[in-house]
Amino acid sequence: MTKRNFWGYFVPYGLWLGLFVIAPVALIVYQSFFNLDHQLTLTNYADYFRSGVYLKMTLNSVWYAFLITLFTGLISYPTAYVLHQLKHRQLWLLLVILPTWINILLKAYAFIGIFSQDGLANTFLRFIGLGPHQLLFTNASFIFVATYIQIPFMILPIYNALDDLNPAFINASQDLGATHWQTFRHVIFPLTLPGVKAGIQAVFIPSLSLFMLTRLIGGNKVITLGTAIEEHFLTTMNWGMGSTIGVVLIVAMIIVMQLTNDHTKGAAK
Amino acid sequence: MSQPIIELRHVTQKYGAQTILNNINLTLESGKFYTLLGPSGCGKTTILRTIGGFNQVTSGDVLFAGQRINELPANRRNVNTVFQDYALFPNMTVAENVAFGLTLKKLPADEIADRVAKALKLVQLSDFGARDITALSGGQQQRIAIARAIVMQPKVLLLDEPLSALDAKLRRAMQYELRELQQRLGITFLFVTHDQEEALAMSDEIFVMNHGEVLQSGSPVDIYDEPINHFVADFIGESNILPGKMVADYRVSFDGHEFDCVDAGIPDHEPIEIVLRPEDITLTDLAHAKLRVTIDTQLFRGDYYEISATDDRGHDWLIHSVRPAQDGARVGLTFLADDLHVMRLHEKEAEFDARLETYEGTETNHDQA
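Residue numbers (the working numbering), protein chains in the order written: chain A, 13 to 281; chain B, 4 to 372.
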């Protein structure tokens, strides 16, 4: 194959990449250097770092994304582990994936119904004599729903990592005297860590910029960077500031990608 | 005889309707090199996994030093395994791999370091402790897998086709090393292979298996010289196998002629099979010939010629000769009476041994090994 032919195959996706990935990112960076009066300036960045509001918002975003990722991971790893040992695991996996086929907005509205004053959750709480409580528009419900939505994206890479794990490693570990728990701690978990990292990438980064859920479920009590961007673009029309926050988000994503990538030489894939 | 280290009694393994192991009985003594030899799917790896603790048998007893260990989990057996694909942990260095089992035992750090260093020295990879597993060649990984197992000082070392991934030259070198290592350590090795050459070269005793049964066990020489049936004769080395008939004790007929032999205890006129190893046949002139054949073709094998010939009755013959023959020539074949080995059809190993006892008397060396 000639070099020219080779690049020929890349043209369709290359166009896509250029038009819908590189160009928008470039535009965001470009916009972030303009103030409301369309003057070239650095004030957006200065504002971002000077005003405590944005920094707090950033911390908030990172903190909630961290919590969502943590809970997702705590639920997903054991689930993937058990799932992997089941007989009809393809069917179970399908059940795990199934919710991802439903639109996120629909799921959010469903949870509004469930968590509302007269919803299923409160009916149950009343039934066992603990309710009713204000469930909707709390931080807890926001984390709960976000975790629920993200779980499949964490389970899948972990499940695949477990599937790729050569069972001979487990036998070898037991052969050398390891109990089930020791085998898990020293062999299974370290060797499936790439799956966990892929899961973190798939969950943490989108969680940084969740804005629909913060509004619909969290009742805008948690203002994340995603909410701020939406406000700047649609309400205050300060595209420059919105873009600046966008740039911050992109930088945050790059940092997370770097942290969760394998840098050690010769590490097993 | 001292207490056997491993004993399998009437071990049977079934998966659904499929029988993997059928009434296996075998005894391993301390400090010997044993080989399970058979084609793939014969059940040899299942036996290894049974002893290692990775397989629950359907029925029968697995004994370790006289104790029944059927239910004992793998991590509590004083047996270690060298796995076929080595299964070295890629997330650890060479030294960490070798130290893995000792670390779990929570031994003092200096003792661990000492034993790891000794084990690495034993497999001649002393300077490799800090390396990554992926930075090792196949032969080196093989040695580390052995070091990781023997550092645990097991009573029995199980080896699951450990040489199959190596190239021919390295495989031969490792055969010497494994044999030497076993003699130096003095522990029991149970080696699984489908390579008859490996089995013959290294073992004190070989178990030849097929279809989940042990067909024959004995020293390499016994099994090579006195295969019990067609399968064993064919699987262990190359052989000429011909149908024949017992004429009387020490007298057989095949290929239209009668010959002296050294086998007895078989009813007269019983149909039998004759085994003649290619290297036991000598080419001669037609006047001295016991059989006459026409040379078809020959291959130069380096240290001998492999000659293919056909006799008057259409049987194919395989002959090993240090001197070449002429393609298409009529030549004579000759052999000695004790080169002829007689196999009864459907004879079991116990019956075979019993029959040998009846006429070989004290001169038998069958059980010495």
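Rather than coming from a laboratory, the hints here were simulated on the basis of the structure.
The reader is advised that the hints may include incorrect statements.
[Unchecked claim] Coverage of chain B stretches by chain A, computed from C-beta distances (three or more under 8 Å per stretch; other residues unrestricted): (1) 51 to 58; (2) 68 to 79; (3) 87 to 101.
[Stated by the list, open to error] Which residues of chain B face chain A? A few of them, derived with a C-beta cut under 10 Å, are: (4) THR15; (5) THR106; (6) LEU107; (7) ILE115; (8) ARG118; (9) ARG151.
Beta carbons are placed, not taken as given, at the ideal position from N, Cα and C, and that holds for glycine.
Taking the hints in turn, this is what the structure says about them:
no. : hint      : in the structure
1   : 51 to 58  : holds (count 3)
2   : 68 to 79  : holds (count 4)
3   : 87 to 101 : holds (count 7)
4   : THR15     : violated, 23 Å
5   : THR106    : holds, 8 Å
6   : LEU107    : holds, 5 Å
7   : ILE115    : violated, 13 Å
8   : ARG118    : violated, 13 Å
9   : ARG151    : holds, 7 Å
Violated hints, in rising order: 4, 7, 8; the structure is consistent with all others.
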